[in-house]
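Chemist: Residue strings, one per chain:
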Amino acid sequence: MNVIILLILPLAAAVLSFLPIRRLASGVTVVSSLVVLVVSAQIAGQVVSAGPVVAFPKWIAVDGLSALMLLLIAFVGAMAAFFSLGYMSSNSHEPRRLRLYYANFNLFIFSMLAIPVLVEPTLVWIVVELTTLCSALLVCFENTHEALEAAWKYVVLSLMGAAVALLGFLMLFAAMQVAGGGTYTWDGLVAAAPRMPAVLLEAAFVMILVGLGTKAGLVPMHTWLPDAHSQAPSPVCALLSGVETTAVLYVILRLFPILKGTSAHAEVWAVVFGLVSVGVAAFLLLQVSDYKRMFAFSTVEHMGIILLAAGLGTSSAHYGALYQALSHTLTKSFCFFAAGATLLAVGTREISSVRGLIRTSPVAGASLLLGGLAIAGAPPFAVFLSEFSIFRAGLAKGQYLAMALLVFFVAIGFFGILQHLNHMVFGTSNGDEKPGVRLPASCVVVLCVVALLVIGLGLYLPEPLHQLLRLGAAALER
Amino acid sequence: MNDPLITLSMLDSLNMLAGGLFLLTAFGIVATRQAKGTLTLFITQSLLLAASAFLLGLRYNSWHLYGVAAVNVIAKAVLIPWVLRRTVHEEVYTRREIDQVLNIPASLLIALTLAILAYFLTIPLQQAVALEFRGPNVPIGFAGLFLGAYTLAVRREAVPLLIGLLAMENGAFFAGISLARTLPLLVELAIATDGLIIVFITGVLIRAVHQHIGTTEVGAMARLKERATGEASEDVGQ
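Note that the protein sequences, when read in sequence, are chains V and F.
Numbering of the first sequence is given in the working numbering, commencing with residue 1 and proceeding in unit increments.
Numbering of the second sequence is given in the working numbering, commencing with residue 1 and proceeding in unit increments.
The set of hints was computed from the structure by calculation and includes no laboratory data.
Positions of the beta carbon are idealized from the N, C-alpha and C atoms, including for glycine.
Errors might be hidden in some of the hints.
[As the list claims (entries may be wrong)] Stretches of chain V that chain F covers, calculated by requiring three or more beta carbons in the stretch to come under 8 Å of a beta carbon on chain F:
1) 123-133
2) 138-150
3) 259-273
The following block holds chain V by itself, in its conformation from the complex (with noise of 0.2 Å):
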């Protein structure tokens, strides 16, 4: 039952925000989002207490696996609904446009938590596609020229991907006919899995790998990600690169344990695409202008990181996948907050712009200089733990070679990302230093919040939290 109150919330939020009542939209969309977390972690909770929750037999469900991405979800889901509050109030739109915003904002949330909740392989290719279409408003929501040009390459390129997809989708639906019927759901097709014939299962995998993969930014797919990353406003930013990614990511998972133990190559592919995502990426950081897209290409780079590991097979190399999946999530919300507050300070987006903002900005300052070490990788933080457990599970695995590359990329994105920073951070100004704009107090409470959590996250991982990425890990599993 929480589960179906999970995805009517956002709907009934979605159709309050269009009322025209002043500071409706906002409170509920804050409201609705903070209940979505509690009752997240409710299911979690049960998830890992009792095993799955089944809603609706064949249709509705929830593991470990989609557990673990609906609290990701939910978390960045509401903490981006505060951050929204002081962010989308101090750019002075008018309330007609505000409310749009917020409208978009929770129907954009239903279809991100509707992935994870679905069992039904067509039906969460819908969901995806949904995501696009909901949040392709909210990208280009600045209608400037450059927010336009990303919301249109975002919708075109993922669109055509998802065409893809679905074909793939269908063919799965094809071999598990070929296997002589069954349920068509996640658990279903892994049962089957073993009868089906290897040339459509393969197809299947790659025409979705390829489509859902220009979703979730993989290398070279891409080219649309920095774009609709870095114009969208930035609590959607935080959306967007901290979950979307990695929930389309989920669903590329959710394949692994189908194709495992047949005569597939999904490893193979994965471990292929995931690397040249990582190098491209870490290349890509070396030279970016604009500090929005620098998170953005960061992004691509931990999307290959979670790709590779899915890739390597072994149950510890899951284990770190999602562990991975987790501190990025957390981590990259935390950027883009960190990143928004920022522009709000200094209104700009250039890095050769920003000087000094620890001096002129000393929240904003000190929240890109956190947010950009523990996202690079610097340790303690969770990114550097979960890496290292990759690294570690790929070392078992005898995979030398990819490591070694690995470490190599990811020591040149942590290179790029901190000389960028440290610029920014400390460096001095020719011309005279502005002090910053004050910060609305919801972007700081939000910042402090999960500033806190990313410190926290890699200096201890709660147990309830290590049991679900467990048994996530075993979903992945056969």
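For this one, chain V is given, so just place chain F on it according to the hints.
Modeler: Relative to chain V, chain F alone:
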């Protein structure tokens, strides 16, 4: 007509005909200059898709496929054009697209290569499924998908690009009606609704681009790039 074998072979031939015409419309969408023309071709293509679903339904006596045919006719031949006309300004349709990225004969030649490639790519897939799932639908569906993607690569005007997207989905479905014949109708309905939302959102986006930038030649928008020091990194986009 009383001989069931003759009826079956006739249905197969008719389905083959629908498939051939479907492929032709896909070529047409690549090459037609006028935005309105691509829309007409898309409607024709969707009707052919519905016809093929109906014929396969008759052939295998499947109510599912009749449902698919009906959903397709209503959603794609009636509702999608209606939504598109409501959201996009009339002037955008009547526009002719003078310069595509490649000239049209060269474009058609590449499209032809893609169609042949689709045929050869699907041979191993066809062999993996049972005899009754084979037939012209799978290779032609793949070709439709490829040609739609190719349309997206060479065209610049907004409406033809949107039509290219929808044509890709039509291609996926054309293969789908033969491969996934028993897909629940609920899913089909959801996918059709999704198509409507695609058209609505893209239409709103086209209108916003038209209003704020004053063009619908969206393929030519190229402001977002890495403006790095030096001459490296012109890798994004064009």
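Chemist: If a hint holds in the structure, say so; if it does not, say that too.
Modeler: Hint check results:
Coverage of the region 123-133 of chain V by chain F holds [criterion: at least 3 residues with CB-CB distance below 8 Å; count 5]. Given a C-beta distance limit of less than 8 Å, the hint that chain F covers the region 138-150 of chain V holds, as 8 residues qualify and 3 suffice. Interface restraint, the region 259-273 of chain V with chain F: violated (0 residues with C-beta to C-beta distance below 8 Å; minimum three).
Consistency with the previously given hints fails for number 3 only.
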